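Use these hints to put chain B onto chain A, whose structure you have.
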Amino acid sequence: MPSVKIKKHAPDNDMTPFVDVAFLILSFFMLATKFKPEEPVEVTTPNSVSSTALPEKDAFMVSIDKDGRVFISMDNPQSRQLLIQSMNQTRGLGLGPAEMKNFINAPSVGVPFSKLKSLLSLDPEAESTKEALKQQEGIPCADSTGGELTTWVREALVAYSGKKLNLLIKSDNSTKYPSFKNVLNAFKLNDQNKFLLVTSPEDAPAGTALYVTRQKQISGGK
Amino acid sequence: MASIDSGGDGGGHKKGPGVKKAKKMSTKVDMTPMVDLGFLLITFFIFTTTMSQPTAMNLFMPKDVDKPEEQNKVKESGAFTIMLGKDDVVYFYEGMDPAAPGNFRSASFKTIRDEIIRKKQSTNPEDLVMIIKPTIDATYKNTVDILDEMTINEIKRYAMVDISDVEYQLVKITEAAAGIK
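Top line first, the protein sequences correspond to chains A and B.
Heads up: the first sequence begins at -14 in the working numbering, then just goes up one per residue.
Heads up: the second sequence begins at 88 in the working numbering, then just goes up one per residue.
Worth flagging that the hints you see were computed from the coordinates, not collected in a lab.
Treat the hints with care, since some could be wrong.
Computed cross-link-like contacts, DSSO-like style, restricted to lysine-lysine with a CA-CA straight-line distance of at most 27 Å [unchecked claim]:
{"hint": "1", "chain 1": "A", "residue 1": "K42", "chain 2": "B", "residue 2": "K150"}
{"hint": "2", "chain 1": "A", "residue 1": "K179", "chain 2": "A", "residue 2": "K86"}
{"hint": "3", "chain 1": "B", "residue 1": "K243", "chain 2": "A", "residue 2": "K201"}
{"hint": "4", "chain 1": "B", "residue 1": "K110", "chain 2": "A", "residue 2": "K179"}
{"hint": "5", "chain 1": "B", "residue 1": "K173", "chain 2": "A", "residue 2": "K51"}
{"hint": "6", "chain 1": "B", "residue 1": "K243", "chain 2": "A", "residue 2": "K173"}
{"hint": "7", "chain 1": "A", "residue 1": "K179", "chain 2": "A", "residue 2": "K148"}
{"hint": "8", "chain 1": "B", "residue 1": "K243", "chain 2": "A", "residue 2": "K149"}
{"hint": "9", "chain 1": "A", "residue 1": "K51", "chain 2": "B", "residue 2": "K110"}
{"hint": "10", "chain 1": "A", "residue 1": "K166", "chain 2": "B", "residue 2": "K173"}
{"hint": "11", "chain 1": "A", "residue 1": "K166", "chain 2": "B", "residue 2": "K259"}
{"hint": "12", "chain 1": "B", "residue 1": "K207", "chain 2": "B", "residue 2": "K243"}
{"hint": "13", "chain 1": "A", "residue 1": "K179", "chain 2": "B", "residue 2": "K162"}
{"hint": "14", "chain 1": "A", "residue 1": "K173", "chain 2": "A", "residue 2": "K42"}
{"hint": "15", "chain 1": "A", "residue 1": "K86", "chain 2": "A", "residue 2": "K115"}
{"hint": "16", "chain 1": "B", "residue 1": "K243", "chain 2": "B", "residue 2": "K197"}
{"hint": "17", "chain 1": "B", "residue 1": "K111", "chain 2": "A", "residue 2": "K166"}
{"hint": "18", "chain 1": "A", "residue 1": "K(-8)", "chain 2": "B", "residue 2": "K243"}
{"hint": "19", "chain 1": "A", "residue 1": "K201", "chain 2": "B", "residue 2": "K259"}
{"hint": "20", "chain 1": "B", "residue 1": "K115", "chain 2": "A", "residue 2": "K166"}
{"hint": "21", "chain 1": "A", "residue 1": "K102", "chain 2": "A", "residue 2": "K119"}
{"hint": "22", "chain 1": "B", "residue 1": "K173", "chain 2": "A", "residue 2": "K(-8)"}
{"hint": "23", "chain 1": "B", "residue 1": "K259", "chain 2": "A", "residue 2": "K(-8)"}
{"hint": "24", "chain 1": "B", "residue 1": "K150", "chain 2": "A", "residue 2": "K148"}
{"hint": "25", "chain 1": "A", "residue 1": "K(-7)", "chain 2": "B", "residue 2": "K115"}
{"hint": "26", "chain 1": "B", "residue 1": "K162", "chain 2": "A", "residue 2": "K(-7)"}
{"hint": "27", "chain 1": "A", "residue 1": "K201", "chain 2": "B", "residue 2": "K111"}
{"hint": "28", "chain 1": "B", "residue 1": "K173", "chain 2": "B", "residue 2": "K259"}
{"hint": "29", "chain 1": "B", "residue 1": "K150", "chain 2": "A", "residue 2": "K149"}
{"hint": "30", "chain 1": "B", "residue 1": "K150", "chain 2": "A", "residue 2": "K179"}
{"hint": "31", "chain 1": "B", "residue 1": "K206", "chain 2": "B", "residue 2": "K173"}
{"hint": "32", "chain 1": "A", "residue 1": "K201", "chain 2": "B", "residue 2": "K197"}
{"hint": "33", "chain 1": "A", "residue 1": "K179", "chain 2": "B", "residue 2": "K243"}
{"hint": "34", "chain 1": "B", "residue 1": "K197", "chain 2": "A", "residue 2": "K51"}
{"hint": "35", "chain 1": "B", "residue 1": "K111", "chain 2": "A", "residue 2": "K(-7)"}
{"hint": "36", "chain 1": "B", "residue 1": "K197", "chain 2": "A", "residue 2": "K166"}
Residues on chain A that point at chain B, a partial pick, calculated with CB under 8 Å [unchecked claim]:
{"hint": "37", "residue": "M0"}
{"hint": "38", "residue": "F14"}
{"hint": "39", "residue": "P31"}
{"hint": "40", "residue": "S35"}
On a predicted model such as this, the values are computed, not experimentally measured, just so you know.
The beta carbon of each residue, even a glycine, is placed where N, CA and C say it ideally should be.
Extracted from the complex, chain A is given alone in its bound form:
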């Protein structure tokens, strides 16, 4: 019987194009990525058809989590420093330079004034601090005077004086309306009536007035 010798090929196939694509995707993600800033609380924002981009500069953000705890955060380290310095003086918080530095680097703060010192004296590197940041009880704001949040807003306005301060409110889907109203109230007491609500983008539903207007804008722009 004639035996046919089949030449054995190595079972390896050329992976070069595969690797090319993989690294292309990798470089895309590396360039396109923007790291989520670490937040002590998770806040899922609702969707809106609004297409305004969120301002990144001169932003004072109040976050409300689903239990109604209120946190504040700011973008500018300089303004943060001004803020904590004047707060320290006017409210007699008794913070040292190290604690103020912790405030400048802290992601967001949500404790009453009485507990601010003990929170900021924690070592920012320690693992227990992360837990403590999650356990913050929120800035009190649930009365007609707006509570301590009013003071924070007033001092922030001073710290950002000369710049146009963007007031951002970021709140969770399931936050109850009264918590949101309390925050609005604290702003109102400082004569601030313009806000930006942080939302996730969404398309205008088809057939609605806004949808028609946007379609016109697109075709008109061409």
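Only chain B this time, still in chain A's reference frame:
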């Protein structure tokens, strides 16, 4: 497995007799670890990245005025009040009197748009004012949704104000009748 085969052994022309064939080193490079690492990084970046940038929604609140003569007047024919209740239910009435028979009705977030459109079409645009009154049971999502509805339907004039006792009682009664706890 993963490798680059760049010629190397095999093939090649014959050399003359006596010319010793130099043993060629294989130029095959095992690419498996590189690919492993590449995909590890891809997974990492996919998980950490935030693709959709958050957007900002404008909200202008009116200043609190004590004097009644400085307050904005609303024409009765153009007023449309929306109340946000428990369990994503919306209540609405037209005009000034919520207690008028058949005036106080409930809707969902899906059906409220039709009511808004109907009101917008049947009213003089200059008179139309939507009044949004969230109850204490409404969630933030409800509030944003209804504000969004104003944008979607291009309602120019709307205001978010506190709910009155009469309206809240009506909402409560309707909720109790509908079995919402």
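27 Å limit on alpha-carbon distance, applied to hinted pair A/K166 and B/K173: 16 Å, holds
For B/K206 and B/K173, compute the direct alpha-carbon distance and say whether it is at most 27 Å. At roughly 24 Å apart (the allowed maximum being 27 Å), B/K173 and B/K206 satisfy the hint.
For the pair supplied as a hint, A/K179 and A/K86, confirm whether the alpha-carbon distance does not exceed 27 Å. 31 Å, violated
Hint consistency between A/K179 and B/K162 [alpha-carbon to alpha-carbon, up to 27 Å]: 26 Å, holds
Is A/K51 close enough to B/K110, meaning Cα to Cα at most 27 Å? 72 Å, violated
Are A/K201 and B/K111 close enough, with their CA atoms no more than 27 Å apart? With Cα atoms ~68 Å apart, A/K201 and B/K111 exceed 27 Å; violated.
Any CB of chain B closer than 8 Å to the CB of A/P31? For A/P31, the interface hint holds, since the closest Cβ of chain B sits about 4 Å away, which is under 8 Å.
Are the Cα positions of B/K243 and B/K197 separated by 27 Å at most? Holds, at about 21 Å.
Is the Cα-Cα distance between B/K259 and A/K(-8) 27 Å or less? 84 Å, violated
Are B/K197 and A/K51 close enough, with their CA atoms no more than 27 Å apart? 24 Å, holds
B/K111 and A/K(-7) were given as a pair; does the straight-line alpha-carbon distance stay at or below 27 Å? 21 Å, holds
Can you confirm whether the C-alpha distance between B/K207 and B/K243 stays at or below 27 Å? The given pair, whose Cα atoms are some 10 Å apart, holds under the 27 Å limit.
Violated hints, listed in ascending order, are 2, 4, 9, 17, 18, 19, 20, 22, 23, 26, 27; each of the other numbered hints is respected by the structure.
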